[in-house]
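Novice: The chain contents come next:
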Amino acid sequence: MDSMFEPLHMSRRHLLQLAGTAAAASALPLITIRPTQATPAMLTSAIRNLVGEAKVQIGKVRLDIPPLVENGNTVPMTVSVDHPMTADNCVKSIHIFNEKNPQPNIANFHLTPSAGRAQVTTRIRLADTQKVVAIAKLSDGSFWSVSVDVIVTLAACTEELP
Amino acid sequence: MPAALVNVPAKAKRGAVIEIKTLMSHVMEPGYRHTAAGEVVPRDIITSFTCRFNGAEIFRADLFPAIAANPFLSFFTTASESGRFEFEWIGDNGFVATASAAITVE
Chain A
0 MDSMFEPLHM
10 SRRHLLQLAG
20 TAAAASALPL
30 ITIRPTQATP
40 AMLTSAIRNL
50 VGEAKVQIGK
60 VRLDIPPLVE
70 NGNTVPMTVS
80 VDHPMTADNC
90 VKSIHIFNEK
100 NPQPNIANFH
110 LTPSAGRAQV
120 TTRIRLADTQ
130 KVVAIAKLSD
140 GSFWSVSVDV
150 IVTLAACTEE
160 LP
Chain B
0 MPAALVNVPA
10 KAKRGAVIEI
20 KTLMSHVMEP
30 GYRHTAAGEV
40 VPRDIITSFT
50 CRFNGAEIFR
60 ADLFPAIAAN
70 PFLSFFTTAS
80 ESGRFEFEWI
90 GDNGFVATAS
100 AAITVE
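For the protein sequence lines, the chains are A and B, in the order given.
Heads up, the first sequence is in numbering that gives the first Met the number 0, so the first residue is 0 and it goes up one at a time.
Heads up, the second sequence is in numbering that gives the first Met the number 0, so the first residue is 0 and it goes up one at a time.
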């Protein structure tokens, strides 16, 4: 750690790196090992956590993502559910999952009957060419899903900082 | 003060379905990236977004690291009465930001 005694040559970046090392060293016993990529098994278990034993039917949900994405850092995504939004018959929530990002979840959207239309738009990150899954939970307890394949040429999430 | 952009129509007909668009400036550091020295950059994301109308929750989103930087969210609501929308973003490291917008329903 000689460099600590040469403040003249120390840039802010070096200082931050040193601080980071110290923090990492002190937190060492608490570190849990995580895989760098979610596997289809993690996707399956994330969906299982949401739906439990219920059957997931295909249909009703529409997921609009460009099929070919140049930059995985911002991918526009619109999810909509073809279902009425009335007080006793509505879409409760919409859940977005992926196959190969470090984590299987992308977002959960909780809706109310006053929404009028079950549609949400956001921008997501995709770390690889993969499948994106949307699952809608209706007020009657049924689950509906759709999955879309997306080709990503520049991956997000895990790259090295410049 | 973090910068929020909120787009709500100022006026709407009663019963019309209107679109609400929100944009919050935030790095959304996913916590999986490394510096050149090999250290993990700690996670710093917005984890929750809530929209309330006259105090009642109308839309809520749980966000994960897979949401792009400067999270953009657009959703719909039915214009039932005049009032005020309140938006709240909550995130890591004590991040809290709010915004609001008024609507006149006629």
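These aren't lab readings, by the way, just hints derived from the structure by calculation.
Ideal Cβ positions, reconstructed from N, Cα and C, are used throughout, including at glycine.
Heads up, some of the hints might be wrong.
To be verified - Residues from chain B that keep clear of chain A, each with C-beta distances beyond 10 Å, as calculated:
| hint | residue |
| --- | --- |
| 1 | Pro8 |
| 2 | Pro29 |
| 3 | Arg59 |
| 4 | Ala100 |
Claimed, not checked - Restraint ranges, calculated between C-beta atoms of paired labels, are given here:
| hint | chain 1 | residue 1 | chain 2 | residue 2 | range |
| --- | --- | --- | --- | --- | --- |
| 5 | B | His33 | A | Thr85 | 47 to 55 Å |
| 6 | A | Val50 | B | Asp43 | 27 to 35 Å |
| 7 | B | His33 | A | Pro39 | 39 to 47 Å |
| 8 | A | Thr128 | B | Ser81 | 24 to 32 Å |
| 9 | A | Asp148 | B | Lys10 | 38 to 46 Å |
Said to hold, decoys possible - Simulated crosslink set (BS3-like; lysine-lysine; CA at most 27 Å straight-line):
| hint | chain 1 | residue 1 | chain 2 | residue 2 |
| --- | --- | --- | --- | --- |
| 10 | B | Lys20 | A | Lys59 |
| 11 | A | Lys91 | B | Lys12 |
| 12 | A | Lys91 | A | Lys59 |
| 13 | A | Lys99 | A | Lys130 |
| 14 | B | Lys10 | B | Lys20 |
| 15 | B | Lys20 | A | Lys91 |
| 16 | A | Lys54 | A | Lys91 |
Novice: Next step is simple, just say for each hint if it's right about the structure.
Specialist: Here's how the hints hold up against the structure:
1. Pro8: The claim holds: proline 8 of chain B sits with its nearest Cβ about 13 Å from chain A, beyond 10 Å.
2. Pro29: violated (5 Å)
3. Arg59: It is violated; arginine 59 of chain B is separated from chain A by about 4 Å at its closest Cβ, not greater than 10 Å.
4. Ala100: holds (16 Å)
5. B/His33 with A/Thr85: 47 to 55 Å: This hint holds: roughly 49 Å between Cβ atoms.
6. A/Val50 with B/Asp43: 27 to 35 Å: For aspartate 43 of chain B against valine 50 of chain A, whose Cβ atoms are near 31 Å apart, the range 27 to 35 Å holds.
7. B/His33 with A/Pro39: 39 to 47 Å: This hint is violated: roughly 25 Å between Cβ atoms.
8. A/Thr128 with B/Ser81: 24 to 32 Å: violated (48 Å)
9. A/Asp148 with B/Lys10: 38 to 46 Å: holds (42 Å)
10. B/Lys20 with A/Lys59: Holds - the C-alpha atoms of lysine 59 of chain A and lysine 20 of chain B are around 24 Å apart, at most 27 Å.
11. A/Lys91 with B/Lys12: holds (25 Å)
12. A/Lys91 with A/Lys59: holds (14 Å)
13. A/Lys99 with A/Lys130: The hint holds at about 8 Å.
14. B/Lys10 with B/Lys20: holds (15 Å)
15. B/Lys20 with A/Lys91: Since the Cα atoms of lysine 20 of chain B and lysine 91 of chain A sit roughly 20 Å apart, the hinted pair holds (cutoff 27 Å).
16. A/Lys54 with A/Lys91: holds (16 Å)
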